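S.K.: Following the hints, position chain B against chain A.
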Amino acid sequence: MWWSIPFLIIFPICIGALLYCIRVQKIRKGIAYIATPAVMAATIDLVVTFFKNGGQPVELYVNVPVASHVITAGEIILMIFVTWKCIRARKYWISLLSIVPTLMIVYMELTLQGMEEAAHIRVDHLSLLMCLIVAFVGGLITIYAMGYMDGYHQHHTEVPERRHFFFAVVYLFIGAMFGFVLSADLVWIDFFWETTSVCSFLLIGYTQTEEAVTNSFRALWMNLLGGTALAVGIVYFENVAKVSTLSALVQNSQDGVKAAAVCVMLMAFAALTKAAQLPFSTWLIGAMVAPTPSSALLHSATMVKAGIYILFRLAPAMSGTMTGYFIAGIGGFTFFMTSIIAIGQVDAKKVLAYSTISNLGLMVACAGIGKPETIWAGVFLMMFHAISKSLMFQDVGATENCLHSRNLEDMHGLLYRLPKLAVFMFIGIAGMYLAPFGMLISKWSALRASVDSKNVLVILFIVFGSATTSFYWSKWLGKIISRTMHNVQVKDITKKNEMFSLTIHAVAMVALCALFPVVSNIYVHPLLAETFGTYTDVLSSAVMNMLVVLILIVFLVPLIAYLSSKGLHTNMKLSYMNGANCGNDNTFTDSFGDPRKLHMANDYFTERIGRHALMVPCQLAVTAAIVVMFCIVIGGVA
Amino acid sequence: MRILMPILYLLLAPLVGGLLDGMDRKISARMQRRVGPPLLQPFYDVQKLFAKQRIVVTNSQTFLMITYLVLMIATGALFYSGADMLMCFFLLSTAGIFLYFTAVVTDSPYSYIGGQRELFQEMCCEPAVLLTAIGFYILEDTFQTRDLIHADRSAIVALPGFFIAFLFILTIKMRKSPFDESTSHHPHQELVKGVTTELGGGNLALFQITEWYENVLMLSVVALFILNRNPWSIPCAVLVVLATYFLEILIDNTSARMRSQKMLQLSWAVTIAAAGINLVILILVR
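Taken in order, these protein sequences are the chains called A and B.
The numbering used here puts the first sequence at residues 94 to 731.
The numbering used here puts the second sequence at residues 13 to 298.
Honestly, I wouldn't trust all of these hints.
Stated by the list, open to error - With a cut-off of at most 20 Å between alpha-carbon atoms, the simulated EDC-like pairs for lysine to aspartate or glutamate come out as follows:
#1 A:Lys547 to B:Asp57
#2 A:Lys547 to B:Asp153
#3 B:Lys205 to A:Asp678
Note that these hints are calculated values from the structure, not bench results.
Since we're looking at a predicted model, the values are computed, not measured.
Chain A extracted, bound-state conformation:
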């Protein structure tokens, strides 16, 4: 009956292994076009089965020694693989971050007696939501990648052709991600967690350039550090409490068990590394050297959400504790600071990377406060962010293939040069911050909840961060719509499968925006009830009505204005240049009397708020905060 669970975990991994062996692109595409819908179908089957059983959380696979042994073997293989990679790159110390936690976990597995029998798999609303994101957003990205990687290797002839490797890792990752969100057992969670870290490492290093290798190892050690914290927490907790599931951990922590509280803190710390929060944000920025599909899949839509997912799980345990307070503060701080750094970025992918970190920060803050209202906001942020960012990354990738640049300044007047891609970009950006799209209502809810929980720091961070977020997105939108006078025609070479994925994302974005009161009622409310036991409505009907009005206004007004202004009689003139135009809009006479091309560019304030000016002080500040958090929680004040 629950056949789809093992299928979702094992099938993508097998497909990955198969793709590794196949070097013919056409066959590869054929396999991907069959495998991806199969994964989607299995996910739908899982959802249907879940709701047929009454939509209650289900715990499965209590006694599965074989599977547990396979997982243990997997941990060891992973450790050997990482160690081998580190030794080859002469980064010996990183291998310690894999060897130590793995040996600890394996030793515990072999020796620990008297464990309570417990389920290894748990299906509930939150894990299903993650499954849907992985299957559909992830699946579409793999389809997109089939087209994208062709174009990528046409332009980047210097990069060795290793597409078989690329797709193998992508499918391996998808399997691991399903395993991660469906696991209830802490050791299983740890294994899949480490697997996603290693996949990310492999994909960042895809091009094998010096920069890529450096960045991939940075991502590796930061994620493995998180993994180590996770392993230490798990081993400590299981030794003391003799239970092995995540829900038991949360329960114990709420009951005031010290070991559980420490483990929750260590897991939250691990989540910070995975979600690329300060001071670990640099790995995600470095990860942008990877081909765009992997940035979209791992570094925005799914893998970094693993950190958020685990924080949402821990939210009831963190609510009102020191850990929660610190995590919320760090998340809010990251939200604000990285949105400032994003203003200073010229590279579109960098802007996306910083805004990803920033939005993850907001979700982390929501989880840290740990009230039903904030988790409600966080879940919606997660949905909107997954779709919108995946859309944006794919769109920027496709634009880059056409323009041979991802500099924001080169996107001047994109609406007139690559209209389809520009419209998708517009939808993606609007979804990130404009009224009445979901981000905004989430922000509304997060603000109200942080006021209710009296968290002044988070209130200030959200309020200021919201201003800076609007700034960099608006700047980008303005760039796209600005009339272009340099009539350089660009050929849209976006492939059909890329367009297919982009279209579905854009439609999903708009649909989610229109349907979100429904989604809130039938899906997110039960999710919160599962997490918190009891639950009252977040949005009053007055707010709901207001939202409907807002949606109507913001969609209809520009449309009607556009239609009604079409008939107006206007008189076209050249733009004003103090009378120094040279008879057209894009040249003027300079002070030497010579004609000169006009080019309007944005100000990025790079030297003041760029990465170099802000990143290091922020990292130091947050590191200090983390040290204090460790001292307080382990020291036993909390």
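M.R.: For chain B alone, kept in the frame of chain A given last:
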């Protein structure tokens, strides 16, 4: 009430805004020892602008300008219908983005830079604007303006810091000196007319009207600080609004334009120092 008030806003706000604008010009003139135009001059100006031909650099300017106007009216109407204040402010910033679009879509140098600065001004204002809504929420436990006007006491008693921060950014919102970065009433400056450089005829008239709606909305928020269930608070609120407006005119006439980065530092510093500290105290006390 919920229907009547938005309609009254829709009809009366441009009248009130225009009259205030006329007063502004009269008082400014007197401060500069001039006679100044008649009180109704802004209306004559708008009337004349509508009669002129609509000059554009690119056609999409017109529809973006209309959207800006309608969204601004919608924001005010929602505010007056007693709806959620924080939502109104979110919609307000969305409206502001359409003004930015109107400016940058032209790709004309002065207009484009004006647009950039308009965006910058938005960034300076937004924290204080959102914090204002939060201040009211902490005090009365609601974002609905229809409940806020029935408070027991005037909000300013508990929210003086928020009031100061709001007054400060009001100067930025009204695009008055020293913060007339994005556009100004005087074309003899380095940015010519900034965002409005490429707005001609009817479009400029629309901009003028939108500004009136916006000013009335922002001054209504000022009034909200004073209003309570006592009917006598209404004349008090009117007096405070007029005094505020006079203060803005005074600042406008006595200060020189400030650099935009300085504006950011100053406005955020004031927001933190006034509203932030007030927020901390408020949360500690409750």
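S.K.: Does each hint hold? Answer for all of them.
M.R.: Going down the list of hints, with the structure as the test:
1. A:Lys547 to B:Asp57: violated, 50 Å
2. A:Lys547 to B:Asp153: Roughly 13 Å separates the two Cα atoms, so the pair holds.
3. B:Lys205 to A:Asp678: holds, 18 Å
Consistency with the previously given hints fails for number 1 only.
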